[in-house]
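Number of protein chains: 2
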Amino acid sequence: MKIIIDTLGSDKGLEEIVKGTLLALEEVDFIPVFSGPKDLIKNLLPDNLSEDSVEFIDANEKISNDDQPALAIRRKKNSSMVMGLRYLKNGNADGMISAGSTGALLAGATLIIGRIKNVDRAALTIVVPGVKNHTIMLDVGANMDCNVDLIKQFAVMGSCYAKILFEKADPSIALLNIGTEEGKGNSLTKSAYEMLKDEDINFIGNIESRDILDNDADVIVADGFAGNLVLKSVEGVSMTILSLLKESVMSSLRTKIGGALLKPALSGIKGKLDYREHGAAPLLGSQKPVFKAHGSSDSIAIKNGIKEMIKFIEADVINEITEKMRGEE
Amino acid sequence: MKIIIDTLGSDKGLEEIVKGTLLALEEVDFIPVFSGPKDLIKNLLPDNLSEDSVEFIDANEKISNDDQPALAIRRKKNSSMVMGLRYLKNGNADGMISAGSTGALLAGATLIIGRIKNVDRAALTIVVPGVKNHTIMLDVGANMDCNVDLIKQFAVMGSCYAKILFEKADPSIALLNIGTEEGKGNSLTKSAYEMLKDEDINFIGNIESRDILDNDADVIVADGFAGNLVLKSVEGVSMTILSLLKESVMSSLRTKIGGALLKPALSGIKGKLDYREHGAAPLLGSQKPVFKAHGSSDSIAIKNGIKEMIKFIEADVINEITEKMRGEE
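Those protein sequences? They're chains R and Y, same order as listed. Counting along the first sequence from 1, when you hit position 260 you're at 269 in this note's numbering, and nothing is skipped either side. Counting along the second sequence from 1, when you hit position 153 you're at 162 in this note's numbering, and nothing is skipped either side.
Just so you know, not all the hints are guaranteed correct.
For chains that are exact copies, the list does not tell them apart, and a pair is met inside one copy or across any two.
Here are the computed lysine-lysine pairs in the BS3-like style, where the Cα-Cα straight-line distance is at most 30 Å [said to hold, decoys possible]: (1) 193 / 297; (2) 172 / 265; (3) 272 / 255; (4) 98 / 85; (5) 47 / 265; (6) 193 / 85; (7) 172 / 85; (8) 265 / 255; (9) 199 / 161; (10) 281 / 265; (11) 272 / 86; (12) 85 / 199; (13) 177 / 193; (14) 193 / 21; (15) 86 / 193; (16) 279 / 28; (17) 21 / 320; (18) 281 / 47; (19) 98 / 199; (20) 161 / 272; (21) 11 / 177; (22) 98 / 265.
In case anyone wonders, no lab produced these hints; they're calculated from the structure.
The following block holds chain R by itself, in its conformation from the complex:
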């Protein structure tokens, strides 16, 4: 199996991405296709890596977060992202992972790769680490102003992915809303609720954002505006509280000792909520496997992202989505 690794455009730089790939190679079997400055990458690889166990797409242009996404995809033909996506499109590899610009990757997946039939828009997915279980959430920011059809497509695609990721026969699907009762919400969530009830999925009703880290759903569907707001609140509040905690621990000798005694316990909490466990998530709806890693991914996140992508490819989730969506015509 060949996995394209987009080495440019992440916050932590090319080295961290390469390091993560090498970590993944220790645990799973695949051929990395590094897209980026070939010489630079080659220098980072160990000598014992044989010539035929690695490929390169020599690309020296970078798409950054400041670039206008669709424009960057059209104009930066020599970027690691565009060259990687073209390589994937042409059938030379089985999937691609990138920690670069989310907007550009989405635009690229649509413009270069194309969408699965009957999927109107690809969705940005994330796996939220929770207290009891982990939850796939989509859309978390690709599609503003969704309609009910899109929400339904997210539900079907999320269900297909959850089957593989969580190894469950009939994953539970919830709708992000402002109340748990039927009839709550804005006009979109009210009609989405009605539609999801009738869909051939295990729909368990509404879920409130207060339960986002502690719930029973395998998949939470939302329009991209709402999903993004909630995802970013979770990230922001966690970071604020943990940094307040750190500040408190460092404030005196007494608290430093207390902090030292609590350290393993605190690491446990951080571990429970560690986004790196699921280092990347698919753009669901794309015709080929494209995974987006968080911009600030470190090597562990990249390693885990690659592993989940391989699972995704081996289970042929895209084929299952394609089959399911065929019935939605």
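Fit chain Y to the supplied structure of chain R, relying on the hints for placement.
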């Protein structure tokens, strides 16, 4: 000044509400008008409280969260909430505070009290305790499917309230959105941004939900669906993390000692994020002061809520909003 205290319908019960009122009486001057079962309340009052320093609205019916809001307001004529709102409407008191059903209080404020001219819908407001400063957020759940006019009205009303609450001449107003740059968001936030730019307020642009506890805005405006989602994520994530922390501390002798040493520091964090500091917030747009306290408010929250309400009444925020909205015809 007379303040109506709705004693029924809160999670912690009548005693906690009365206790909070008595705490407020120790700090500020007002005549409480207790709406609820008179005999029960009387038994909770100290003997030294003179007859003419307290009033009662003898009401024995309770509106609960399970009641359909508008229906409850129409049918439960003898409820503490409806009788309280009628008393306020008739000019017998200066304001009312309730920790009962949010939906019913909103419906009651509209159906019984009425709205300020040119305000299309009253908004549910909350003061979010932040790291740097506190922020008024509205709407946090009263109005689903808002249009830009409503968002503009929220901004004007929020600005008037922030002037008083934060004692600032020109409070800063931000728009809740999925990105900070102009042009980000869904169709509502995109057009709201354009409109707020031209409004006679100190509009500082978009704010992302990740910065909700750590930002420079005095007021954040949002449609009720988005505001509610973000508010509940903040509450939920804070509670999840703090309960994980508590669990960790209790897990061994070592961590218990660590926890004891850190206790003052941890209380500091809880204090910083304590919703009780601003125990209640106004339904902005109502023609008379109506404050909503959190359903689970304890006596401290009620005390602080009453104090902020008195500040709100003394500064005649409603008159200022009325004047401002006159220009919006």
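Hint-by-hint comparison with the structure:
Taking the closest pair of Cα atoms, residue 193 and residue 297 come within 30 Å of each other only across two copies (28 Å); inside a single copy the shortest separation is 37 Å, beyond that limit. In this assembly of identical chains, residue 172 and residue 265 lie within 30 Å of each other by CA distance neither inside one copy nor across copies; the values are 45 Å within and 40 Å between. Taking the shortest Cα distances, residue 272 and residue 255 sit within 30 Å of each other both inside one copy (11 Å) and across copies (13 Å). In this assembly of identical chains, residue 98 and residue 85 lie within 30 Å of each other by CA distance solely inside one copy; the values are 17 Å within and 65 Å between copies.
Taking the shortest Cα distances, residue 47 and residue 265 never come within 30 Å of each other, neither inside one copy (46 Å) nor across copies (53 Å). In this assembly of identical chains, residue 193 and residue 85 lie within 30 Å of each other by CA distance solely across copies; the values are 23 Å between and 45 Å within a copy. Proximity of residue 172 to residue 85 under the C-alpha cut-off of 30 Å is found in neither arrangement, the shortest distances being 37 Å within a copy and 49 Å between copies. For a Cα distance limit of 30 Å, the shortest separation of residue 265 from residue 255 qualifies both inside one copy, at 10 Å, and across copies, at 18 Å.
In this assembly of identical chains, residue 199 and residue 161 lie within 30 Å of each other by CA distance both inside one copy and across copies; the values are 13 Å within and 25 Å between. For the homomeric pair residue 281 and residue 265, the shortest alpha-carbon distances inside one copy (23 Å) and between copies (20 Å) are both at most 30 Å. For the homomeric pair residue 272 and residue 86, neither the shortest alpha-carbon distance inside one copy (48 Å) nor that between copies (57 Å) is at most 30 Å. With identical chains, the CA atoms of residue 85 and residue 199 are at most 30 Å apart between copies only, with a shortest distance of 28 Å across copies and 42 Å within one.
Only within a single protomer do residue 177 and residue 193 lie at most 30 Å apart by alpha-carbon distance; the minimum there is 29 Å, versus 37 Å between protomers. For the homomeric pair residue 193 and residue 21, the shortest alpha-carbon distance between copies (25 Å) is at most 30 Å, but the shortest distance inside one copy (42 Å) is not. Within a single copy, residue 86 and residue 193 get their C-alpha atoms only as close as 47 Å, which misses the 30 Å cut-off; across copies the closest is 26 Å, which meets it. Taking identical chains as interchangeable, the C-alpha atoms of residue 279 and residue 28 lie at most 30 Å apart only when both belong to the same chain, with a minimum of 22 Å there against 39 Å between chains.
Taking identical chains as interchangeable, the C-alpha atoms of residue 21 and residue 320 lie at most 30 Å apart only when both belong to the same chain, with a minimum of 25 Å there against 49 Å between chains. Taking the shortest Cα distances, residue 281 and residue 47 never come within 30 Å of each other, neither inside one copy (37 Å) nor across copies (50 Å). When the C-alpha separation of residue 98 and residue 199 is checked against a cutoff of 30 Å, the pair qualifies neither within a copy, at 38 Å, nor between copies, at 34 Å. Proximity of residue 161 and residue 272 under a CA criterion of 30 Å is satisfied in neither setting, with 44 Å inside one chain copy and 47 Å between copies.
Proximity of residue 11 and residue 177 under a CA criterion of 30 Å is satisfied intra-copy only: 27 Å inside one chain copy versus 60 Å between copies. Proximity of residue 98 and residue 265 under a CA criterion of 30 Å is satisfied in neither setting, with 54 Å inside one chain copy and 56 Å between copies.
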